[in-house]
Amino acid sequence: MNYFKKIILIFFYFFLFEAYAQNSNIDLINKISKNIRCLICQGQSVYDSQSDFAISIKVVIQKKLDEGYSENAIYDYLKKKYGQWIVYEPDFNKNTFLLWLLPILIFVIGGILILKKSKIIKL
Amino acid sequence: MKNKILFIFLFTFTFFCFFIFLKGLNNSKIYVPNENSYKEFSSFKAKKLFNNEELNSDSLFDGNKLYLFNIWASWCAPCRDEHDKLMHLSNNSSIKIIGINYRDNLIKAKKFINKFGNPYSEIVIDKDGTIGVSLGAYGIPETYVVDRNKKILKKYLGALDLEDLKEIENLLK
Numbered sequence: 001m002n003y004f005k006k007i008i009l010i011f012f013y014f015f016l017f018e019a020y021a022q023n024s025n026i027d028l029i030n031k032i033s034k035n036i037r038c039l040i041c042q043g044q045s046v047y048d049s050q051s052d053f054a055i056s057i058k059v060v061i062q063k064k065l066d067e068g069y070s071e072n073a074i075y076d077y078l079k080k081k082y083g084q085w086i087v088y089e090p091d092f093n094k095n096t097f098l099l100w101l102l103p104i105l106i107f108v109i110g111g112i113l114i115l116k117k118s119k120i121i122k123l
Numbered sequence: 124m125k126n127k128i129l130f131i132f133l134f135t136f137t138f139f140c141f142f143i144f145l146k147g148l149n150n151s152k153i154y155v156p157n158e159n160s161y162k163e164f165s166s167f168k169a170k171k172l173f174n175n176e177e178l179n180s181d182s183l184f185d186g187n188k189l190y191l192f193n194i195w196a197s198w199c200a201p202c203r204d205e206h207d208k209l210m211h212l213s214n215n216s217s218i219k220i221i222g223i224n225y226r227d228n229l230i231k232a233k234k235f236i237n238k239f240g241n242p243y244s245e246i247v248i249d250k251d252g253t254i255g256v257s258l259g260a261y262g263i264p265e266t267y268v269v270d271r272n273k274k275i276l277k278k279y280l281g282a283l284d285l286e287d288l289k290e291i292e293n294l295l296k
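Protein chains in written order, with the working numbering: chain X, 1 to 123; chain H, 124 to 296.
These are calculated hints, taken from the structure and not from any lab test.
One thing to keep in mind: the hints can contain errors.
Unchecked claim - Listed next, the in silico DSS-like pairs over lysine-lysine satisfying Cα-Cα at most 25 Å (straight line):
#, chain 1, residue 1, chain 2, residue 2
1, H, K171, H, K289
2, H, K296, X, K80
3, H, K273, H, K238
4, H, K250, X, K34
Claimed, not checked - Derived coverage of chain X by chain H (criterion: at least 3 residues anywhere in the stretch with Cβ under 8 Å from a Cβ of chain H; other residues may be distant):
#, stretch
5, 54-68
6, 97-106
On a predicted model such as this, the values are computed, not experimentally measured, just so you know.
Virtual Cβ for every residue (Gly too), placed ideally from N, Cα, C.
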């Protein structure tokens, strides 16, 4: 009887672990597909879209995760196939440096102006 | 004087930001793939449409001058429009046309071929669209012209027209 209980317990933990692993995989697929642009849709991510293209990309993400690809490796794979446009977050390069630096620059200049106006520092 | 400099600086900066964003707004938001990509062809394994045998794409390259990988489906109306062009190209012995049947009902795909003719030397099934993604496809029909060194020479988006046909035939010369 004790032996039987142990087997049931092992099976229980095994299925619990499987369910957890599967769920975390789905979460990761959703996370990645939210960062991938649906190229044939207007303003939709692959996650939001039900187009053939989006469904195929979701299948590719799942297959690549099963093959052991990391999140970044999947982005790189898709960028290689479709270019930078497919990801919502562009890389930092000569074409995008203003996009990355401008908000920081505006924030710093704005901060200095506020501080100057409030006479905390003297320029 | 100090305030004047600050005003000029702020005005220039605001104008600069405005100009950058205005330029960004004028850019197209629609994805336009590079049609002359010269990328390496990604090999794939898939099942054949008519006998369900497994096929490795590497085995297709057998010394022909050009290879045409055409992504099609029976439910795709432009695929019907381009089919006669593919039939015409299939008469040329230096070109090998391979069909990739994209997310299709296999019975309907076979009916399509039986009705309109078979220009393909091989047809493989892309049930989940992953082969299309490995080629960088985003819609159908799409046609890839690949040379014997597995370099993609040209990518045609949408149905092939007579101009495309001439261009492909010129590539053979």
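Structure-based check of each hint:
Taken as a hint, the K171(H) and K289(H) pair is broken in the structure, with Cα atoms around 29 Å apart against an allowance of 25 Å. Distance restraint check for K296(H) and K80(X): the Cα-Cα separation of roughly 31 Å exceeds the 25 Å cut-off, and the hinted pair is therefore not satisfied. Annotation: proposed proximity of K273(H) to K238(H) is violated, straight-line Cα distance about 32 Å (limit 25 Å). Distance restraint check for K250(H) and K34(X): the Cα-Cα separation of roughly 24 Å lies within the 25 Å cut-off, and the hinted pair is therefore satisfied.
Judged by the Cβ-Cβ criterion of 8 Å, the stretch 54-68 of chain X is covered by chain H as claimed, because 6 of its residues qualify and three suffice. Check result for the stretch 97-106 of chain X against chain H: holds, 3 residues qualifying (beta carbon to beta carbon below 8 Å, three or more required).
Of the numbered hints listed earlier, those contradicted by the structure are 1, 2, 3.
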